[in-house]
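Protein chains in written order, with this note's numbering: chain A, 4 to 267; chain B, 31 to 313.
Don't take every hint at face value.
Claimed, not checked - Straight line, CA to CA, 27 Å or less: simulated DSSO-like cross-link-like pairs of lysine-lysine:
| no. | chain 1 | residue 1 | chain 2 | residue 2 |
| --- | --- | --- | --- | --- |
| 1 | A | Lys263 | B | Lys91 |
| 2 | A | Lys6 | B | Lys256 |
| 3 | A | Lys171 | A | Lys263 |
Stated by the list, open to error - Quick list of simulated restraints, FRET-style, between CB atoms:
| no. | chain 1 | residue 1 | chain 2 | residue 2 | range |
| --- | --- | --- | --- | --- | --- |
| 4 | B | Ser148 | A | Ile121 | 50 to 60 Å |
| 5 | A | Arg174 | B | Asp158 | 20 to 30 Å |
| 6 | B | Gly101 | A | Val252 | 49 to 59 Å |
| 7 | B | Glu89 | A | Trp203 | 54 to 64 Å |
| 8 | A | Ser177 | B | Thr191 | 22 to 32 Å |
| 9 | B | Gly51 | A | Val248 | 19 to 29 Å |
| 10 | B | Glu196 | A | Lys263 | 38 to 48 Å |
| 11 | B | Thr99 | A | Ala231 | 56 to 66 Å |
| 12 | B | Glu196 | A | Ala19 | 30 to 40 Å |
| 13 | A | Phe262 | B | Thr99 | 16 to 26 Å |
| 14 | A | Leu259 | B | Gly94 | 37 to 47 Å |
| 15 | A | Leu259 | B | Glu153 | 18 to 28 Å |
| 16 | A | Arg174 | B | Thr191 | 39 to 49 Å |
Keep in mind that the hints were calculated from the coordinates and are not lab data. Glycine included, each C-beta is placed from N, C-alpha and C at the ideal position.
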Amino acid sequence: MNKIPGAINLGLRRGALEIKQFTRQRESVVFTLLFPLILLAIFGSVFKDTIAPGVTFSQYFVAGMVASGLVNSGFQQIAITIPMERDYGSLKRLRGTPMPVASYFIGKSLLVFVSMIIQVILLLAGGYLFFGLNMPTDISKWLTFTWLIILGTASSTVLGIAFSVVPKSGRGASAVVSPVVIILQFFSGVFFIFTQLPTWMQQVAAIFPLKWLTQGMRSVFLPDSFAANEVAKSWETGRTFLILVLWLVVGFFLTLRTFKWSRE
Amino acid sequence: MNVIEVRGLRKSYASFEAVCGIDLSIAQGEIFSLLGPNGAGKTTTVEILEGFRTRNAGEVKVLGFDPATQGRASREWRNRIGIVLQSTSDAGDLTVSETISHFAGYYSRPRNPEEVISAVGLEDKAKDLIRNLSGGQRRRLDVALGIIGSPELLFLDEPTTGFDPEARRAFWSLIDGLRNDGTTIVLTTHYLDEAEALADRLAVINHGQIIEVSTPTQLGGRSTSKALVQWRDNGELKSEETENPTALVSTLTSQFSGEIPELSITRPSLEDIYLKMIGHANE
Numbered sequence: 004m005n006k007i008p009g010a011i012n013l014g015l016r017r018g019a020l021e022i023k024q025f026t027r028q029r030e031s032v033v034f035t036l037l038f039p040l041i042l043l044a045i046f047g048s049v050f051k052d053t054i055a056p057g058v059t060f061s062q063y064f065v066a067g068m069v070a071s072g073l074v075n076s077g078f079q080q081i082a083i084t085i086p087m088e089r090d091y092g093s094l095k096r097l098r099g100t101p102m103p104v105a106s107y108f109i110g111k112s113l114l115v116f117v118s119m120i121i122q123v124i125l126l127l128a129g130g131y132l133f134f135g136l137n138m139p140t141d142i143s144k145w146l147t148f149t150w151l152i153i154l155g156t157a158s159s160t161v162l163g164i165a166f167s168v169v170p171k172s173g174r175g176a177s178a179v180v181s182p183v184v185i186i187l188q189f190f191s192g193v194f195f196i197f198t199q200l201p202t203w204m205q206q207v208a209a210i211f212p213l214k215w216l217t218q219g220m221r222s223v224f225l226p227d228s229f230a231a232n233e234v235a236k237s238w239e240t241g242r243t244f245l246i247l248v249l250w251l252v253v254g255f256f257l258t259l260r261t262f263k264w265s266r267e
Numbered sequence: 031m032n033v034i035e036v037r038g039l040r041k042s043y044a045s046f047e048a049v050c051g052i053d054l055s056i057a058q059g060e061i062f063s064l065l066g067p068n069g070a071g072k073t074t075t076v077e078i079l080e081g082f083r084t085r086n087a088g089e090v091k092v093l094g095f096d097p098a099t100q101g102r103a104s105r106e107w108r109n110r111i112g113i114v115l116q117s118t119s120d121a122g123d124l125t126v127s128e129t130i131s132h133f134a135g136y137y138s139r140p141r142n143p144e145e146v147i148s149a150v151g152l153e154d155k156a157k158d159l160i161r162n163l164s165g166g167q168r169r170r171l172d173v174a175l176g177i178i179g180s181p182e183l184l185f186l187d188e189p190t191t192g193f194d195p196e197a198r199r200a201f202w203s204l205i206d207g208l209r210n211d212g213t214t215i216v217l218t219t220h221y222l223d224e225a226e227a228l229a230d231r232l233a234v235i236n237h238g239q240i241i242e243v244s245t246p247t248q249l250g251g252r253s254t255s256k257a258l259v260q261w262r263d264n265g266e267l268k269s270e271e272t273e274n275p276t277a278l279v280s281t282l283t284s285q286f287s288g289e290i291p292e293l294s295i296t297r298p299s300l301e302d303i304y305l306k307m308i309g310h311a312n313e
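Here chain A stands alone, though its shape is the one from the complex:
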């Protein structure tokens, strides 16, 4: 008798399928991928000031948009689409097959990763071409960028899967998930300069990953001299790494405990 296919192999196949499905939803593809660039265009046109020597608001804002992209294409997208799939019954159908739950999660992560990469490339290319964005030249900055993207995608995805049990229905999912993300964006210094926010907001934001992702991205896209303007007077790279890993682990165990295939 042949062996049943392995979980990783099926996860890759799920990923390919998820991406194929995603690309066929034209409107949402265009909107999801271009949205950060549109926001950059708006904010870049409104706030033309320089916030520190050699740092424009656009430059500051791009760091926040890259970090937000991780939360949008991971947490938000996943926590909205899973309740819909659950309502449609497609999750229950998958549950009835020998495909393991791990493969389903791998597939979702791949979808997030790919849409994330495209979104970032569009944002950075658009920012560079039209808004005078400075790209980091230091290789170590790109290294930080890489692990931030990987850890950010992974933690954002598992937390999205974990949060997918909260919306009661597929229809209401967007109304439950989107405000959480938008509030988190305001608190985490995506739309405003973080240090200008009230202290209590900063403290609340410091619990969640987005603030750390945003700060991490600033360490990539802003000159090192700007570190002195941060709350801790430093980029806190090590702490950012630890907090993201912690959220990844917490999200992973939450997901295993709470994931629901059907609405019962």
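Based on the hints, put chain B in the right spot on chain A.
The following block gives chain B in isolation, referenced to the frame of chain A:
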């Protein structure tokens, strides 16, 4: 060995007891139909067998395996069963052929996707997006996904809802073909003609209990119940209920020279018997 073996199965939701002590044995290669009104405990029972729900008490073995078990063993078990759920609908951004080929990859010895597509009669729709299929066509896709893994045991929940009569006949012959391959099939349906056409045995469930397990022809004493003989005599329609229709017809034959006008003999239909059983159970 029986493919399904259930002893003393119980399941409650809060204070409501949905399944109150069910025993069931289903043999290999059998088509077994579960009948019962909505809320009778049918779906709960089947979903426990499928491993979708937990139980409160009783022993359950499906292909020698407890469906409540998790992990690796559960995957091996699911590799051997097929499930066609009631109403699945998704966004439908994939084609029929893409979806079936993808699901084939989940199993260790899948059927050929193209063969399955033609078995359910979707050859012309293979390249169409699922969102463009009609209700009946979607249902046929559900069935295709249920059988793609060449299951030893297939669960069918209301498989022909939304089919036109022609599609339903085609579906029946598909199921007949699976029976000939030795597939055991558990069929839940509201259509009694479907149960009659397909099932080797059937069980009537009401109020969480099995009222009777029998064959379609013998359920509820159907084979020995009185037959209704009708004929026309002098322009008047006559009818008589009798336990001995042959004797009556023989008497009539001697009365009439040649054909007995408009002669018919009817036994109660499966539906008559079923409704009577459910009605009695409600009293």
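With respect to the beta-carbon atoms only, verify the hint that Thr99 (chain B) and Ala231 (chain A) lie 56 to 66 Å apart. At roughly 59 Å between Cβ atoms, Ala231 (chain A) and Thr99 (chain B) fall inside 56 to 66 Å, so the hint holds.
Range hint 54 to 64 Å: satisfied by the CB atoms of Glu89 (chain B) and Trp203 (chain A)? holds (58 Å)
Is the distance from the Cβ of Ser177 (chain A) to the Cβ of Thr191 (chain B) consistent with 22 to 32 Å? holds (30 Å)
For the range 30 to 40 Å, tell me whether the beta carbons of Glu196 (chain B) and Ala19 (chain A) fit it or not. holds (37 Å)
Taking the CB of Arg174 (chain A) and the CB of Thr191 (chain B), does the distance hold inside 39 to 49 Å? violated (24 Å)
Taking the CB of Leu259 (chain A) and the CB of Gly94 (chain B), does the distance hold inside 37 to 47 Å? Violated: the Cβ-Cβ distance is about 28 Å, outside 37 to 47 Å.
Does Lys263 (chain A) pair with Lys91 (chain B) here, judged by a C-alpha cut-off of 27 Å? With Cα atoms ~24 Å apart, Lys263 (chain A) and Lys91 (chain B) stay inside 27 Å; holds.
Compare the distance between the alpha carbons of Lys171 (chain A) and Lys263 (chain A) with 27 Å, and conclude whether the hinted pair is satisfied. holds (12 Å)
Okay, Ser148 (chain B) versus Ile121 (chain A) on CB: inside 50 to 60 Å? violated (38 Å)
Assessment of proposed distance window 19 to 29 Å (beta carbons of Gly51 (chain B), Val248 (chain A)): Check failed, 51 Å falls outside 19 to 29 Å.
So does Leu259 (chain A) sit 18 to 28 Å from Glu153 (chain B), Cβ to Cβ? violated (42 Å)
Does the beta carbon distance between Glu196 (chain B) and Lys263 (chain A) stay inside 38 to 48 Å, or does it fall outside? holds (39 Å)
In the structure shown, a violation is registered for the earlier hints numbered 2, 4, 6, 9, 14, 15, 16, in ascending order.
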